[in-house]
Every structure is written in structure tokens, then in C-alpha cells.
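Protein chains: 2
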Amino acid sequence: MTSYAGQQFIGGARSATGQPLLHSLDARTGEALPGAFYQASPAEVDAAATAAARAYPGFRALAPERRAAFLETIAAELDVLGEDFIALVCRETALPAARIQGERARTSGQLRLFAEVLRRGDFLGARIDRAQPQRTPLPRLDIRQCRLGLGPVAVFGASNFPLAFSTAGGDTAAALAAGCPVVFKAHSGHMATAQAVAAAIVRAAERCKMPAGVFNMIFGAGVGEALVKHPAIQAVGFTGSLKGGRALCDMAAARAQPIPVFAEMSSINPVIVLPGALAQRGEAIAGELAASVVLGCGQFCTNPGLVLGVRSAQFSAFVEQLQARIADQPAQTMLNAGTLRSYAHGVAQLKAHAGIRHLAGAEQAAEQASPQLFQADAQLLLNAEPLLQEEVFGPTTVVVELTDRAELLAALHALGGQLTATLLGEPDDLAEAGDLVALLEHKAGRLLINGYPTGVEVSDAMVHGGPYPATSDSRGTSVGSLAIERFLRPVCYQNFPQALLPEALHDGNPLGLLRLVDGQPSRDPIR
Amino acid sequence: MTSYAGQQFIGGARSATGQPLLHSLDARTGEALPGAFYQASPAEVDAAATAAARAYPGFRALAPERRAAFLETIAAELDVLGEDFIALVCRETALPAARIQGERARTSGQLRLFAEVLRRGDFLGARIDRAQPQRTPLPRLDIRQCRLGLGPVAVFGASNFPLAFSTAGGDTAAALAAGCPVVFKAHSGHMATAQAVAAAIVRAAERCKMPAGVFNMIFGAGVGEALVKHPAIQAVGFTGSLKGGRALCDMAAARAQPIPVFAEMSSINPVIVLPGALAQRGEAIAGELAASVVLGCGQFCTNPGLVLGVRSAQFSAFVEQLQARIADQPAQTMLNAGTLRSYAHGVAQLKAHAGIRHLAGAEQAAEQASPQLFQADAQLLLNAEPLLQEEVFGPTTVVVELTDRAELLAALHALGGQLTATLLGEPDDLAEAGDLVALLEHKAGRLLINGYPTGVEVSDAMVHGGPYPATSDSRGTSVGSLAIERFLRPVCYQNFPQALLPEALHDGNPLGLLRLVDGQPSRDPIR
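Protein chains in written order, with the UniProt record's numbering: chain A, 1 to 527; chain B, 1 to 527.
Fair warning: there could be bad hints in the mix.
Treat identical chains as interchangeable: a pair holds within one or across any two.
Said to hold, decoys possible - Within a straight-line C-alpha distance of at most 27 Å, the following computed DSSO-like cross-link-like pairs (lysine-lysine) qualify:
no., residue 1, residue 2
1, LYS351, LYS243
2, LYS209, LYS351
3, LYS229, LYS351
4, LYS229, LYS243
5, LYS209, LYS243
6, LYS243, LYS443
Simulated from the structure, these hints should not be mistaken for lab results.
Chain A extracted, bound-state conformation:
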């Protein structure tokens, strides 16, 4: 730690003019960690957004290869952070070291995936309609199109992924890849982690001679509002609660210039257990499902919060097995005291509801989260009871038994948007699952068969998104290479001389792109 500890990262420098001093807490003991963080002042929020705006013209004009090298250098800087870094993250989040090591690998892997995307160049969306001087009644002029970063992006990281959905996480990687400088709002739950990662990004920016201000980070409660309302900010990435995400959306929509917000918010991730699967492997599913529910103390956006099946002796047996499995699961420490309070509140609400029965789980302790299992009346789902539609963040899930297939479809129809929806079935079940898939396609961004939603692959085909309230805009994903598209806009060049065109659109195709030329994909130069 240098004397800059706890200061904002603004335009390649550090700054601390604000009050009050903030402290990061040990997630297990609640004790303040050594050192303190300065709340960003309004002037610092402005300075951070302004630094990003200043960096933008130079940064977005860099060849994709330069940005790819920058992302790889960030990845390398993260990979060499030592055991003390891992220990620090564990201390701030109560997550185990193996998980943090895995998450770090995922985070650097994600940065490298975007470097590949930059080299592949398909994100540029290059299109060329050649001139047709002989066309009647009017000649066609040469028209070309490619995509450009929107401008500075504000990113709000998640409590539950201190690395992969945070400072150098997916939103930051996607924005930087798109050519958009970032202002990151450090999460209060892991400010020391954020500081170490931000310092790694800034080191990489210096090594790669990026414009100062390509990455900025501010600390503080409530500073996000000024950031989202700052005229320099052109888009927002957010991972967190429905309440928090919706508040940002509302602010962004009310700006003089409204801007897009990509908020990943609330999902209960229904899992549907089909009759053949129950008959064949009900007990195994109960064990696997219980493991998915309690994985990482249930603190995943894709945690399975709702389990659906049609009434049968096998389903009843399965519920009993799940009950036994959940009862067996130990309590775990949550990310922080606020998360535990929310969990306890959510569990208490479920317990207090007349239509919901508590099936398993120890009394909620003061310090750790006990896994819980509930069963709710089908009617609650069919009536879209809000309590069943809202995510209870933590190791709990709700089973619902439906009378028949028609009621199952009706219950799914009544659900809000989800990040994931899962079918567990044998081949005979799946042969008849067309109606379920057709319905679930409109409810979720990712459909799984015979798996559990808690693992999210970082790849080209992944969608970590979905209809509201899972996200604020179902057209985006916050995991996988498609995430870059959220931060790009198309620009069209009509009758341009070569020298003024972006490289992606030069006749000679110097970037070797697959371009849409007169409606046909082609890597050929334009003659």
C-alpha cells in the first residue's frame, strides 16, 4: 500500500478530497480492515467522468489490436497478484480461497476472450454496399457501415463476484473492448479488493500507453447517482438488486439525454423436474439440486430458487429427498452483514406466508445463513404472488407441485423474466417438451437441459440476460463475448474517400474482416 491508499482513481492519478472515511469489513468477524477509503466528492465524480470523456477519442481510435493487448496485460497483471491478494478477497467476502482463485482465472480468461473478439473483428459489424453508378432511376453511392464504442461507461460491480462481475469483470472488459473508457463504482463490500484490481488495471494501462482516464474508479455511498446523471456517461452496466438496478434505469431514462442501462437484477431460475427424470433418478436430482442451491452459500444470480413438478408419488418422494438433503446442509457465512440480514428477512417472509410451508432448514442463526426449503401452493404462482417472483438471495429454494401439465404451463406463463430456466428430463420427457421450451424461450435468456444453472460458461454463445426483471434489457448479455454489443453503435459513411474511412472499411480489408459486401459475407478486398 502506498500513501494513496483509499483514494479515487481519476485519469491515471489518485485523489482524496472527499469525506467521510469509509471502512471495509472482515466478512466473518465484522471488524474493520486496516486502512480507510475516501468517499468521492461531487467534484471527484465529475473529474472521473470527465477523465473518461477525455480518454475516449484517443482510446476508441486505437486499432483493435492495441485494445486487445491492453486487455491481455490487465489479465496478466491480475494473474500475478499474490496470495496476499487472494487472502484479502477472502477476508472481505468470506468466499473460500479456491473459489477466489477460480474466479480470478475466470476474470482474466474473460479479458482474454474479449482480446480474441477484438482480433476476430466481427464486433465491428463491417458492411459495404458498393456504388452502383448505372442504377436507375437513381445511381447508388458507396455506403459503408461499422460500429463504434458509445463513449464513457459507468459500471457498478456485484457483491457476489468480487472479481468476475466487478472492477475488471465482464462489464468493464466488454466496455474497454468496445473502445469505451470506464468509470467503475467500487462496491462497498470489497473496497480493498477493488483497489488492488484497479491498481492492476492502471498499471496495465500505463504499460500499454493507454490514454490516462481509460479506467477510473470511485468509492462511496450514493456516488452512483451523480455518476449515472453525468452528461459524459453514455451507458451503464450494473449487477445487483432489482431495486438498485431499477433506480439506475429510472435515473438514466430521466436524463436530458437518456442513456441505455444494462442492469442484471433478479431471477429465481425455475427448475422443472419432469416425470421420467423423477422415476429414473429422483434421488440423484435431489442431491444435485441441493448442492446447486447451497453452492457459494446460494449467492449466485443463477441460484435455483424455484423447483416445479407435476403431482405424483415420485414427485412427493423427490420432495422428501430434497427436504432431507437441504436439512443436511451446513450454515455458511454470507458476503456481508447486509446480505445476511436480507436473507433472514426473505426467509422470514416465506415462513410467515399462509400459502407457504417450511419443509427444511435450521432456525436462522445470527452469523451464518442456514439453507432452507419451502413448498408453496400452486395458486400463489398462478396468481403471480410477488413473494414467489422475487429472488431471495441466499441458500433457499421453493418447491411447487402442479396438478397437471396444463397447470405447469400456466404457472410458467405467470412467471416474470429469468436469467435461466432448466428442464430435468429423460429422453421420453424431452420428446414431449416442445411446448415447455417454446414457453421458456420467452421467459429466460438461457435454457438448460439436464444441468444446473449455477455454472455460467464464459463463451461466444453464452447469454447471461433475459426478460425483465432478470435484466433491464433482454437484448443484452453481461457474460460472454456478445456482451460487447451493448456498448456499440453503428455509423454509416457515404461516398467517403479511403483515407477518411475507418480501417475496418478500407477497400484492401487490412484487418482481414469477414464483411457483408453487397449482401454477401466476404473477406475479399473491394475492387
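Chain A is fixed; fit chain B onto it per the hints.
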């Protein structure tokens, strides 16, 4: 005309339960045309949105070829509408017959372009990440992605393009291509035209055995609000005023489930005349520019409303030439009395401003729009004076003389978002125009060199969009094949058996798509 004249189009049938009766007017005489239109009742708005929602599952599940054939059939139905149809459109809009014939050809051409897009299949965005069972530490499952229509789309047509940006116009074509049923709000300025086109669409839907409700249309003042707030509607397309578009955006953002709005609103389309061009061909430019300003009575979204140049003897001469040319232009009839009132109001505001001089143009008559030329102090632009940032819809333009290049750049920097920005220059001018292009890329969706913005090509590379307030979302275009992307969202399929996957993602690649397979574009089947 049948006895259904003036009724809503709902779910393949007609309906008239609402009041009052509305009349379409002859744009030249202001007289009511024969026949009347029923204001849609709240129940009819609901019925139209519900019909679209019912049509959606069947419509979106159709093979792209089926939707392509539907679009082509609409095009054919439009093409065979007779001279009485052309005469009707002319009567409602005061636009000349040749223009309407051209616009009809553009409208059917646009529908056919989307049919091509459907057959090309790139809109599906198919991506396949094959399973890697041997990967360590964890195996990768098979993950596939493609895109799906968002759901029912509400479309609001424009006054100024009764065909190409209206009932069967670009937004409708893009939404239908994406697999989204449409509820179209007929523009009050051309309800009879809308009815004839809607009837053509419904005939095509019947011929192609599309689900009833794939296209619906409602008449009436103020019915748009209920439409945008209807839970079945999943996206909005709009072309019109900033005030109207922003109101829809605000309504959509305030919904329980916010939905995207693609509003094309206000643009003054700056034209920058560079010194070499002034020296070489200032007089020719004055003539061409005057023609572009008065084309179609200035009633184009891309009408050049601002002409910028750096102070010089040549620029002064050019302004005098432009003055003479504008003074020569005859008055023209506008689309309707409301448009003329708005134009007269806008002209009066410019005339009344102390920093703006009136250079040419006859006194505004009661019945027709007289072309006008103004010159404004540079300081007004530099201070982002709202009067200069707002579109005056009609045949007028404002010249601004800047002291030097730096002031030109500062003035452009102060401009809001635009649909287009144009540079007029000789090779020597353009050799030094890199800074202008870099700035204009962030101000407009389409940049032109040595052309005039009033012609908008319908093609793959076109962008008719741009930063706010030109549109509500700079990531979209409302002209050209990219327009389909606004109405699509990605869905991911993990570990799916072939039979449950969409055809686009089948191993055998039955649609012959270029897919992103393990990060490489490929038309090969998956082995």
C-alpha cells in the same frame, strides 16, 4: 370500400365500437374526405395488443422462409394498388404523384430487402460452442445461441412518409421480419392511406396463412398511450417529433416492465462547406443545397437545417448565392395544416431572435410554406442555444459563419445528436478533414461527403439513426436491414438435444447459415 370502412384492424377482423368519428382532410383544401374513421376504444386497443400477443408464438416459430414470403406478398399487394390509391395518398398529403409512386417502390423494395435478410439468416446470429468433455478443471457443455423476436411491437408512423415510414414502412417490415406481430397506430394525417395499406397487409397475411393478429391497426387521437402501456407490447418504433417521441420513451421507461423505444425524432443535419469547395464550386453548391432544402417542401428528417463555413470572401459570396437561390424557390403546400402552423411558428421564432438575421424568403402565407434562409451568430451555436438545436420542420435553413477552424470544431462539438452530417470539400479539404470526421462520428449516424442528406438509401450499410435527440437510442437504425436488430434478443440453449433446438442451431445446418462455431465463422455442419 366495404362497410368496414374506418374500422380498426384487429386480429384479422374489423371493429368499430369507439367514438368519436374522425375525418381525414384534403391536404390542399382542408376539406374532409368522404367517409370517416372510428376512434379506437380502450377495449379495442387492448384487443389489438392481445391479438398481436396471441399471434406471436405461432408467427415467431415460422421458418424464416415463410416470413420472407409474407413480406414479399405484402410488397406485391402494395405494388398493384391502382392509380386511385396514388391519388388518395396525394390528396391526404399534398405530395406529388411521382414522389408517392417512388415512395411506394421504396416501401415494397424495403419489404423485399427484409425478405432477403430472412433468407440470408445472419439476423439469427447463430453461435455454437461445442462441448469439451475433456476440458479441465471442468468440462464444457454444448452451448448454442440464436436470436428471437421480442414480441408484439407498437409502431407509430410518420406524417412525412405516408408509405415508407408508415403502415407497411420500415419499422413494420423490420418487426415482422424479426417475427414480431405489429400493432400500428394510424397517423391522423393519412388515415385513408393507412387503411388501404393495412388492408393490403391483411390480404397478404391471409394469402400466406399467417396467424390472425400478425398485423393490427388502430385509429384515433391519444390511443398511442394505452398502446405503449399495454403489457403485451414489448417494443416501440416511432418516427416523429422530439416531444412526441420523448413522451413515448418516458411512458415506456415508467412501465412495470420497461420496454425499448426506437424513436427517430429531431435532427438539423449540419452541412459543412469547406474552403476548397467554396473556391471551386461555391455557386453550384448554393444551387444544390437550395434544392435539397426545399425538396419535398423540406419535410424530410434529413433536411439540411444548418450550413456551416469558415469566414472568407468565398463564404460571403456563397451565402449571397444561397440567398438568391432560396429567394427563387416557390412556396409549397405542406402535409397538413398542423405542419404549416408549426413551420410558421418556427420561422417566426427565428425571425424574432436578436442573434438571427433573415436573409431570404417571402412573408409566410396562410396556405403554403415559403422557403426561408437565416443567418445566426456563431455564438448562439457555441452556447448551444436551443432555437438553433431544434429542427424547424419545413423548407428553411440557417447559415452560421465561424471565425476559424477551431471555432468550427467548437460549434460542431456543441451540437446535439444528428441523423446526418455532411462535408462538402475538394481533395485538399478532405486531406485535412480527419479531425472533423472524428468529431462528427460522435454526432451523427450517417456521415456524407460531397452529397446531400435528403436521399436515404435502403440497404445493408445504411444507418438512419444517431445520438439523442436524433433518436432515442443511437444503437439502432430505422432504415436499412440492420433495423431488424432492434427487435431481436439472444437466447442460449445449453446441452440441448437436436430435436428441441431451433433449426438455426441444428448440427446439420439446414438453413445453410454462416455460424460462429467455436469462435470461427463456418457453414459446416457440426460433427
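Now the hints, each set against the structure:
no.: 1; hint: LYS351 / LYS243; verdict: within (22 Å within a copy, 49 Å between copies)
no.: 2; hint: LYS209 / LYS351; verdict: neither (56 Å within a copy, 52 Å between copies)
no.: 3; hint: LYS229 / LYS351; verdict: neither (40 Å within a copy, 35 Å between copies)
no.: 4; hint: LYS229 / LYS243; verdict: both (18 Å within a copy, 21 Å between copies)
no.: 5; hint: LYS209 / LYS243; verdict: neither (39 Å within a copy, 44 Å between copies)
no.: 6; hint: LYS243 / LYS443; verdict: within (20 Å within a copy, 33 Å between copies)
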